[in-house]
Structure formats: structure tokens, C-alpha cells
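Chemist: Spelled out from the first residue to the last, the chains are:
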Amino acid sequence: MKTTLQRSSRRLLPRAMQRHDIMTSCCKSLTTSSFHNDHHQQQQQYPLSTVVVGRSFHSSSFAAAYQEAAYNNDDDNELQTSSSYPPFPYESSYNPTKPDPDYPSLGPTTKLNLFQSINTALQLALSTDPTTIVFGEDVAFGGVFRTSQNLRSEFGAHRVFNTPLSENGIAGMAIGYASMGGTAIGEIQFADYIFPAMDQIVNEMAKFRYRSGNQWSCGGVTLRAPCGAVGHGGLYHSQSPEAYLCHTPGLVVVMPRGPRCAKGLLLSSVRCKDPVIFLEPKILYRSAVEEVPDADYEIPLGKAEIMQHGTDVTIVGWGAQLRRLQVATDLASKEGISCELIDLRTLLPWDSDTIIRSVKKTGKLIVSHEAPITCGFGAEIAATLQQECFFHLEAPIQRVAGYDTPFPLVSEKYYLPDETKNLDAIRKVMELAK
Amino acid sequence: ISRAPGYGMAGIRVDGNDVFAVHAAVAEARKLALETSAPVMIEAMTYRQGHHSTSDDSSRYRDVDEVQAAQDVTDPLIRMDKFLSHYGWMDNNAVTSIGDEERAAVLRAMEAAEARPTPTLESMFTDVYHEKPPHLIRQEKELRQHLVKHNIHHH
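Chains as they are written, first to last, in my numbering: chain A, 1 to 434; chain B, 1001 to 1155.
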């Protein structure tokens, strides 16, 4: 391990803030990835301006973007979306195989599942940034979910390697490597095991920039972890720890809902100038299949996505939960209820602007997540929304979440906030608003 | 084993697949522990023949031949078998019948365990705390109302 780090450090940059320069020069000569599967033979050039979708999280100061509209009570513009979003209303219902207006044509696509799309994103990260390393438990042979397959043979053992069974070692090493200017993509085998690393994450990673007065930072860190219910995970293979992480200023917490946004979000996270915890809903690794663009593209962090526009009720969720929410909203639409479904995508910092605008329009809000309800992330959304939109609300904000117990094994299907519970919440909120 | 002096402990490394060696090492370690009232670290070396778990396929990261070789050479049961046969102390009939009895006992235990009913829904909310707090009582009630309302069959 020592030799590996020594060899890698020779490739490191003198200054931690060179990352944007690499990004620009790499993007100028971007080619589509042609190595991940045999479907696609073409090679095309995509200049930077068409690759980065929307306002990129790292190219504009996040603070400026956030303050721009978040608490602006400008009622004239309340229904206007920002320049990077197409004007609404546009076509309804989330259809993973239909071209998504949020992702303008990025060229040819390939049908990939979640682990394949993460694999592709990691390949791109490794090939475009020579300082990138990927490490974690069992990562070398391909990973227990096959997310890192073929990476070691392609990029070398000094860049893709196993770590000992030590999560705080994984996190600590990522911090150290990134503080010297490198890009470290660490993998925590299950999000349930992120807790041994919490001291490193909370006390070191999150505060690195702040405590040094921006003299040093560890923005090159991306910690990936599979999270969420999987049907048979029980207490320690099903947790969603986003609430613990979102309570830590200095971190960025991201959760994709499918292969197409996962690739873009992971590339954004890897290139983000702040440490990112990237949570991947493990049940989607094989079950979610979408047309994923072959290009190197990024999805802006800190921005929610309106999957489906509606007028009666706003529903917010993230990760695998959105599939259940989609079913509930489809059933609700049969009863004549028009739902606006929003994928938060980035949980910290979260896009309150989009949710506030939506709730000002609909007057009702439901937040749904798998994690236990008490102090779950839904509580944060509910508290902020009642503060900002109190006089626009026609009904109390509903939270549909897991119960306040450890994640059960046999009772999992009764524990989860499923389609029925969400449909009930939709009906209830419509009833209360009358 | 190098950790033991780091912690100020006596330590011994032993071939974990050799029954007699392990017995001897543990006996010595126990004697030392009782004499000195201090811990002794025993590092028993062995080899994991099986997969890491039911969801693991170890042929993806190690040679199948390596596993087979380890099994042939180091398996403690095979070694004991050969040792006893060498001295003519092995009664093969007895071994077979004991094996059959034990297998039957294990299968009976498995059947008994599998025949036990699934834990009821109440088990989800019990033992979170010493006494069920008000919010859990409320949540359990909500869940039961939900199941009744939608006529959902539950255990």
C-alpha cells in the first residue's frame, strides 16, 4: 500500500486547486467511451459547452446560485424556471427509455443497468483525470456489486486496489490523497458500514476547508456506498444513512434514482470541488435499466429534477423510493389528481428553490423516504417548506417514511413506505385541502 | 502474532488445523494466564475452504486448485482421520454411524426451526427499547389501521 501511494504521489499536482484546469483540458479532448461494451463503435468529440448540462455545481459559486432565487418572494417569476430548464408544461410521466428534456441530446445511448452505468462513469473518471484512484473492500476483482469490474486490468493495480477491512481507513486515506490534489474515489461496501468512518467524514472531511481558512481542501474525495432496502437486507444491509450525513455542513450528499442520472451525477461528484458522499440504491443495481448516453456528461449538483409536472400536490423523494412514488402518482392520476413528482438528487445542499416554487403552485406537499421518520431528511424539507410557504399551504405537509425501528428482516414489506401508503397520503392531503 | 508484544501480551502462533498442537498451545497459554493473571494471545492459522457467504463466489478471486489443495492437505478432519487410521484406532463403522446420527440430528433441528411460525408483526416494534415509547405505540397503531383498511394479509 505504501508503494502504491508513493507511486501515485509522483503524478499529483503541486497545488490542490489545479483541478479545474485538468477538467478544462480533459474536456477539450473528450471522446465518448468506447471501451465499456461492444454495442458502440463511434468516437465523437464533445466540446465542454454541450457536455455539461445546466449550470454546473462547480463552475459557478454555489452560494451565488442558491441565493439567487431561493428565498426570493418574487411572485411574478414564481412559475418561471431557470434558464437551464425547458419551459413547462412538458410531457408527463417518467419514462426511462424516452429522451428526457432535462438531458438534451447527448448523442448515442446504450441500455445499461445501474452497476454498468456506475462502472462507465468510473472508467471515464479514471481516464480523464490521471490522478484518480478507486479503492475499497473487494474493489479489485470487480466489487460485490460489479461496479468496479475490469477497472484494475484497464488502469492498473496502482490505481484500482483493495483496502483492508477498515472504513475509517478508506475515508482517511481518501482525505489524505485528495488534500494533496488527487481524486480519490473510495467505496464503502454497504452504507450501513459507513459509521466507523463517521469521525473521519464529519470531523476531518467536512471541516478540512473551513478549519484551514481555505488553505487546504479535500474536494477530490468521493465516497460511494450502496444504500437502501433490497428485500432481504435486514438491519445491516438496508440502511439509508443520508440524514446523519446531511446534518454535517461541508459535505455534499448525492443519491441518483437510476442509471442515466447516476452516470452524470457521479461524474459531477467526482469532479466537484467539495467532498461528496454518493449513495447508490442497491436494489437498482440490476433491476433499473435505462438508455444511458455514451458521452461524458455531468448533471449539476444542488439541483432537483421535476420528473413530472402537476398542479394538485407536490411529492418529493430520492433514490429507489421514486419508483414507488411513480406508481402511486400514476394511480392517483387515475383518480384525477395531478401530481408534481420531484427527484431531489442532491440532498445536501438541497434545492429548496424548486420545491418552494412547486409548493407555491400546488399548495400541498408530501415527502417520502425509506429511512426512519424521526429526524429523517423529510423533516428538514417539511420544516423549511412550512417556514417559506406557510400561507400557500392548503393542507399539512405529509411525511411517508419508515417507522422508528431498526430495519426489520421479516417485516420489511410492512416497514417500507410503499405505493399504498403514499397513495393514501395523496388522497388524505387532497381531502384535507377541501 | 506481532500485535501481542505491541499490547504487552504474551502470544503464541499455532497450526490451527492440527488438533493436538492447538490443544498443547491452549493448555500452555491457560497455564501462563492463570500463573500471571495476564492475557495470552493465541493465533491459530487456518484456511477458509468455503465461500465468504452464500452470496459469494470465491472462484472469482482465487484458484479452485488452491482451495482443493488446501482441503486435501490441511483439513483438520481429514488429518485426524489419517492419524487414527495410521494407528489402527479408527473404527470406520462407528465413524459412519456417528456421522449418520449427527446428520439426522442436524436435519431434525433444521426442520424444527423452519417449522416455527414467522415472527408476528408485533416483533417489528418490540425490543427497540426496554419499554415501548409513545411514538412507537402510535406508529404500530397506524400500521395496523393501514393493514386493516387495505385488507392486507399479514403474519
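Some clues are possibly wrong.
So the derived list for chain B, only partly shown, Cβ under 8 angstroms to chain A, looks like this [claimed, not checked]: (1) Phe1020; (2) Ser1037; (3) Ala1038; (4) Val1040; (5) Met1041; (6) Arg1060; (7) Tyr1061; (8) Val1064; (9) Gln1068; (10) Gln1071; (11) Thr1074; (12) Leu1077; (13) His1135; (14) Leu1143; (15) Asn1151.
Keeping only pairs whose Cα atoms sit at most 35 angstroms apart, straight-line, the calculated DSBU-like set for lysine-lysine is [to be verified]: (16) Lys334(A) / Lys273(A); (17) Lys428(A) / Lys111(A); (18) Lys273(A) / Lys413(A); (19) Lys1141(B) / Lys361(A); (20) Lys273(A) / Lys434(A); (21) Lys413(A) / Lys1141(B); (22) Lys360(A) / Lys1132(B); (23) Lys111(A) / Lys207(A); (24) Lys1082(B) / Lys428(A); (25) Lys1031(B) / Lys434(A); (26) Lys1082(B) / Lys434(A); (27) Lys1149(B) / Lys360(A); (28) Lys361(A) / Lys413(A); (29) Lys421(A) / Lys1082(B); (30) Lys360(A) / Lys334(A); (31) Lys413(A) / Lys1149(B); (32) Lys334(A) / Lys1132(B); (33) Lys1031(B) / Lys428(A); (34) Lys334(A) / Lys1031(B); (35) Lys434(A) / Lys413(A); (36) Lys1132(B) / Lys413(A); (37) Lys1031(B) / Lys421(A); (38) Lys1149(B) / Lys421(A); (39) Lys1132(B) / Lys428(A); (40) Lys361(A) / Lys1149(B).
If you are wondering where the hints come from, they were derived from the structure by calculation, not from laboratory data.
On a predicted model such as this, the values are computed, not experimentally measured, just so you know.
For each residue, glycine too, the CB sits at the ideal point set by N, CA and C.
Chemist: Give me the numbers of the hints this structure contradicts, sorted from smallest to largest.
Modeler: The structure breaks hints 1, 2, 3, 4, 5, 8, 9, 10, 11, 12, 15, 16, 17, 18, 20, 22, 23, 24, 25, 26, 29, 32, 33, 34 and 37; every other hint is satisfied.
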